[in-house]
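Quick note, the sequences are listed as chains Z and S, same order. Each residue of the first sequence is one higher than the one before, starting from 1 at the first, in the numbering used here. Each residue of the second sequence is one higher than the one before, starting from 1 at the first, in the numbering used here.
Don't read these hints as lab results, they were simulated from the structure. Check before you lean on any hint, since a few could be wrong.
[Said to hold, decoys possible] Keeping only pairs whose Cα atoms sit at most 25 Å apart, straight-line, the calculated DSS-like set for lysine-lysine is:
{"#": "1", "chain 1": "S", "residue 1": "K161", "chain 2": "Z", "residue 2": "K161"}
{"#": "2", "chain 1": "S", "residue 1": "K124", "chain 2": "Z", "residue 2": "K161"}
{"#": "3", "chain 1": "S", "residue 1": "K233", "chain 2": "Z", "residue 2": "K233"}
{"#": "4", "chain 1": "S", "residue 1": "K161", "chain 2": "Z", "residue 2": "K27"}
{"#": "5", "chain 1": "Z", "residue 1": "K54", "chain 2": "Z", "residue 2": "K27"}
{"#": "6", "chain 1": "S", "residue 1": "K161", "chain 2": "Z", "residue 2": "K124"}
{"#": "7", "chain 1": "S", "residue 1": "K27", "chain 2": "Z", "residue 2": "K233"}
{"#": "8", "chain 1": "Z", "residue 1": "K27", "chain 2": "Z", "residue 2": "K92"}
{"#": "9", "chain 1": "Z", "residue 1": "K124", "chain 2": "S", "residue 2": "K233"}
Protein chains: 2
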Amino acid sequence: MNGTFYGIGVGPGDPELLTVKAIHAIKAADVLIAPKTEKKEGSVALGIARPYLKEDIEIVYQVFPMVKGFEKDASAWKENKEEILALLRAGKNVAFLTLGDPMFYSTYIYVYRLLAAESDVDVKTIPGIPAFAAIGSRVGYPIVEGDEVLSIIPATAPQEKIERALAASDNAVLMKVYKNADEVISLLEAHGLAQQAVLVSRAGLPEERIVTDISAHKGEPLNYLSTILTRRK
Amino acid sequence: MNGTFYGIGVGPGDPELLTVKAIHAIKAADVLIAPKTEKKEGSVALGIARPYLKEDIEIVYQVFPMVKGFEKDASAWKENKEEILALLRAGKNVAFLTLGDPMFYSTYIYVYRLLAAESDVDVKTIPGIPAFAAIGSRVGYPIVEGDEVLSIIPATAPQEKIERALAASDNAVLMKVYKNADEVISLLEAHGLAQQAVLVSRAGLPEERIVTDISAHKGEPLNYLSTILTRRK
């Protein structure tokens with residue numbers, strides 16, 4: 001019988017934020033696919049899952065070219081897919097870990113699309129606590145209430161797009177805030193959304209950092225895992 | 001020593017989507033505050049937590065008037081607060097359960113604000129898997145990727161506000177879709193967002209329902225716990 005492919009959300013950092021379902025899937029895995037490309041995200045996810053992994057688990061490193069329109073390097077993806085399919089068809093359960101939730105801005109989405117098209121493969125995706133949800137609870141910051149609209153915006157998007165989203169929403173979550181944090185903070189200031197903001201890096205992990213006066217912290221280097229929550233009122 | 005007040009996200013329905021941290025808090029609770037007002041949401045949350053509750057747990061029912069600007073009925077809130085404070089000061093751990101995440105559109109946000117202002121009270125909020133995240137994994141629907149912007153929109157918001165948010169985002173989650181589902185579906189059609197949509201009621205619960213052709217299902221009654229995911233591409 002073919003193995004199962006598990007896409008597992010491990011939450012934002014605190015190992016206690018793993019779900020029961022995620023723990024079951026991590027324990028069932030014979031092989032772990034570990035992406036080589038990402039900026040330490042992979043190793044953070046592995047650290048969260050490690051206490052539950054089989055001792056003799058096989059770790060397979062794969063390179064996922066994250067160029068826009070990933071079909072540009074279709075050959076690498078095709079090789080990864082063939083390697084995973086061979087493992088599954090040998091009866092092994094294969095797991096892919098994602099920090100936060102697997103259906104939010106993750107490499108897993110592309111892996112999922114590759115495999116979901118195969119009729120003989122059983123793919124199970126297990127949701128995880130997104131970083132923004134963990135941060136809201138951690139710092140006592142209600143994320144969205146009543147009739148409010150929340151936008152979730154990647155700081156990597158074009159400025160015009162970020163501004164359009166900020167203008168149309170009551171509250172916002174800015175994700176992937178690190179390279180252009182100063183520009184993002186300036187945009188929030190221009191939209192009256194800086195004063196009420198909170199920025200959290202490495203939520204629930206060692207070296208967690210919570211900044212409530214973001215305008216005073218322009219120019220400071222930020223960890224890759226940084227998120228801003230803000231609201232109009 | 002005073003007890004701890006736990007605001008606990010229990011996720012959308014599947015008991016395996018509880019986190020380890022939520023289970024610890026549920027087990028530690030001596031008293032459970034159960035809201036009387038809500039449309040069965042409270043009892044669904046209680047059902048998810050029940051296997052972990054102390055056998056002799058005390059259940060205190062409270063009415064939370066959910067009028068806009070809840071200060072309108074400040075007396076009921078004040079009574080609830082005094083009742084909770086008395087329990088905490090008697091050394092009891094008190095829990096409040098929320099379906100999904102406690103910082104998303106929940107009664108808990110108001111309870112949290114009441115209690116967080118008290119200097120001698122320890123409030124711990126524990127995030128939960130939001131329904132939209134669970135649905136994305138359940139039906140294999142990537143929620144947001146790359147540079148896309150996601151809007152989370154309550155179907156109860158004014159139409160103009162919903163349209164502004166739809167126009168400014170790539171992908172959208174529509175929550176609380178039940179009373180005005182037909183109008184919401186018409187808005188999605190007008191914005192080219194109906195064809196790619198999926199509607200899920202009672203995700204992970206008995207009587208779960210998944211609808212991929214939402215336009216064909218106008219006029220049908222919907223469960224209170226219904227969410228739509230959609231995307232432009």
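Going down the list of hints, with the structure as the test:
1. Pair hint K161 of chain S plus K161 of chain Z holds up; C-alpha atoms about 18 Å apart against a cutoff of 25 Å.
2. For the proposed pair K124 of chain S and K161 of chain Z, the alpha carbon gap of about 36 Å is over 25 Å, so the pair is violated.
3. The suggested pairing of K233 of chain S with K233 of chain Z is violated, with an alpha-carbon distance near 32 Å, which exceeds 25 Å.
4. Restraint check for K161 of chain S and K27 of chain Z: not satisfied, since their Cα atoms lie roughly 45 Å apart, outside the 25 Å limit.
5. In summary, the hint linking K54 of chain Z to K27 of chain Z is supported, as the alpha carbons are separated by about 6 Å, within the 25 Å threshold.
6. At most 25 Å may separate the alpha-carbon atoms for a hinted pair to count; K161 of chain S and K124 of chain Z exceed this at roughly 36 Å.
7. At roughly 36 Å between alpha-carbon atoms, K27 of chain S and K233 of chain Z are farther apart than 25 Å, so this suggested pair is violated.
8. A threshold of 25 Å between alpha carbons decides the hint, and for K27 of chain Z with K92 of chain Z the separation of about 13 Å falls inside it, so the pair holds.
9. A threshold of 25 Å between alpha carbons decides the hint, and for K124 of chain Z with K233 of chain S the separation of about 24 Å falls inside it, so the pair holds.
When the structure is compared with the earlier hints, violations turn up for hints 2, 3, 4, 6, 7 and for no others.
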